[in-house]
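Asker: Now for the letters of each chain:
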Amino acid sequence: MPEVTYRQALHDTLRDEMLRDENVFLMGEEIGVFEGSYKITAGLLQEFGAKRVRDAPIAEEGFVGAAIGAAMLGLRPVVEIMTINFILLAMDQIINHAAKIHYMFGGQSRVPMVIRTPGGGGQQLAATHSQNPEVWFAHTPGLKVVAPSTPADARGLLKASIRDDDPVLFLENLALYNTKGEVPEDRPDDVLPIGVADVKREGSDITIISYSRMAAVAMHVAEQLASEDGIKAEVIDLRSLRPLDRATIVDSVRKTNRAVVFEEDWRAYGIGAEVAATIQEHAFDHLDAPVRRIAAAEVPLPYAKNMELAALPTGQHLVDAVHATLDASGGVRGNGRSNGSKGQRSASRG
Amino acid sequence: MSKKSDKTAAAERPAKGATRSAGRNGQAERAEAKAKQANGTAPKYDLRNVSESAETLIGFYRQMLLIRRFEETTGEMYTRAKIGGYCHLNLGEEATIVGTMSALELRDYVFTNYREHGYILARGVDPKLIMAELFGKEAGVSKGRGGSMHLFDVESGFLGGYAIVGGQLPPATGAALAITYRGSDEVVLCQMGDATTNIGAFHESLNIAQLWKLPVIFLIVNNLYGMGTTVERASAVAELYRKACAYDMRSERVDGNDVLAVRDATRRAVEHARKESLPTLLEAVSYRFRGHSVVDPARYRPEEEVKHWRNLDPVMALAHGLREAGLIDEAGIKQIDDEINAIVVDAVRFADETPAPKPEELFTFDYATDVPNVDRSLPGDHTGITQDG
Ligand SMILES: Cc1ncc(C[n+]2csc(CCOP(=O)(O)OP(=O)(O)O)c2C)c(N)n1
Ligand SMILES: [Mg+2]
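Sequences listed follow chains B and X, in order.
Each residue of the first sequence is one higher than the one before, counting from 1 in the working numbering.
Each residue of the second sequence is one higher than the one before, counting from 1001 in the working numbering.
Source of the hints: derived by calculation from the structure; they are not laboratory data.
There may be inaccurate statements among the hints.
[To be verified] Footprint (simulated), chain B over chain X, 3 or more residues, beta carbon under 8 Å:
id, segment
1, 1087-1093
2, 1136-1147
3, 1198-1205
4, 1251-1258
5, 1271-1281
For glycine and all other residues, C-beta sits at the position ideal for the given N, C-alpha and C.
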């Protein structure tokens, strides 16, 4: 299988879907002539023309709403919001309209549209340009929200999102665009189901639940925990935040009896809160220790590098949380080893 | 609902036989008499030199009267708690509605705000199904899921009442984009209130529509108020059609009480959209006979103003004009009245008798494309996990 970047996977998938279905068109700021703020749409204007790759004025409410109307008439707009921070200008159209139209009008109109947008901090872009408000969308019935962490998942879920007849928020991450991974050769059926989590790594000692960039970090951490400490961590990449695949989470925790949630959004009312609530509802008797949540500190993200680092979750936080959870529950069964020496291990990437 | 303080409501009459509220019958006649007193004559609409066929004009009258009676009855049903939520009536705006809707074809699309009962009626949707929606019934146009503010009928291209001020403008603009995308020549009419011209979505949508040359007519129904706020207190530009100049857009203002003038102005806008694929901002000046919603006694409006506009009542004016021009006689007027009343009575009876949606159908329309792991648990349940049963 060829290795490609997350960026390339998105680009190629958009192109494939545009070739497959002429109702698919792209709309967003700077996606055509400028080739995209993060170059996901590079070359597509040249190939498909201005009708299919439509540069929009800086009017998020206007063009996201226009995508809704176009979708109601049967087109399949794929909207790019430059970064998720700017989506706040379009919240009325997304929450009050896209998410409502199918249900509120008694199933008479579908809204088959995708909003692609990168979230994430860590680039010293400070408070207004580093947010992770995906939970606002995941909270809202009528929307679907996906957040792939690998190029292959990005491809499979973007295809699914474009072909789905509901509005889908497709969450990307600035720090993932250059990451590489194997992507299967183009097959007409390499569509991943929305609403299904992926057990990215099997393990029996503890369950790490994550998504988007943090899931990629979690995979490195799990590898490190295995090689350095012999800890077998199971990593669940949620991939879909709405619907949330609760069964996969619960099945895993019933097996490992321990769970840590690893997320880049703020902890309060975040994705991890929902995951933890689900675990206590459905696996209460199986838990050997409280569920831990690693999440961003509750501040508007500061600019200074050292301050930004202090606020964001890292692999080291996850390493420490895994050890703390194991300690709290009497260590890893089987080898009986307890690992309390926090902070001495090398920090994981992230 | 404060019936007592609702002074303006006195002039409206529930459809005869549609309700059992005998106390309100005859009030319209009294108001008509009062209007005559104030003006010295009934509301006027001179049709003597109009070339329009009697058939068309009488057709307009029928539609306007249907809206009038339907809305009066809706207000009545609301006070009887048959209708819940917010409920905004089109009383007084009948000529604007019938004038605009008659300039469209069935293949065209209509988006409106939440004051939309009349528009969907004028699109030819069965009044029974509209009343059923107001009553919260499964047979309603939105299956009882939308209510008064969220009517929808895909068959007639009525693509929704929208209850967030300005919310309908971007989707209407996008529908027009879809029309140009597929290269067909339908047009979109997007209705809104005067106060809606102050919101961001209005400006973004007008800019996009002109920039991308989209076949959409933005219709402002200027009924002088957004809730209790006059146009002058909310908009730096009181002649609302002039806001189009910021976008180099064609615009026009028309007397919203003059059904033919409205029809003709809409036709010009439709032509501009269909032939040139360009938008128009059309402002129709009319008046809301009652409060903002059924429960608003509208005390903020000067009595003189209300009286002035009541004297211009478009439904009475058209009836008067038809008679004066010899296009219809008393018997003809009476016959239409009886027919319309019967339609509204039927609508209420149907809405009353037809069943409510089943609670088991709570999740029926949650997603258009089903996916795994949708949580369909009820408020008292743990979050749903399919395999847990
Ligand atoms: C965004 C938003 N803000 C406030 C409201 C509450 N609201 C409902 S109708 C209305 C006034 C709108 O007036 P106008 O646009 O003139 O329409 P009309 O009711 O006169 O038809 C307001 C403030 C709302 N529905 N949506
Ligand atoms: Mg108004």
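Asker: Against this structure, judge whether each hint is valid.
Answerer: Right, here's what the structure says about each hint:
no., hint, verdict
1, 1087-1093, "violated (count 0)"
2, 1136-1147, "holds (count 7)"
3, 1198-1205, "holds (count 4)"
4, 1251-1258, "violated (count 0)"
5, 1271-1281, "violated (count 0)"
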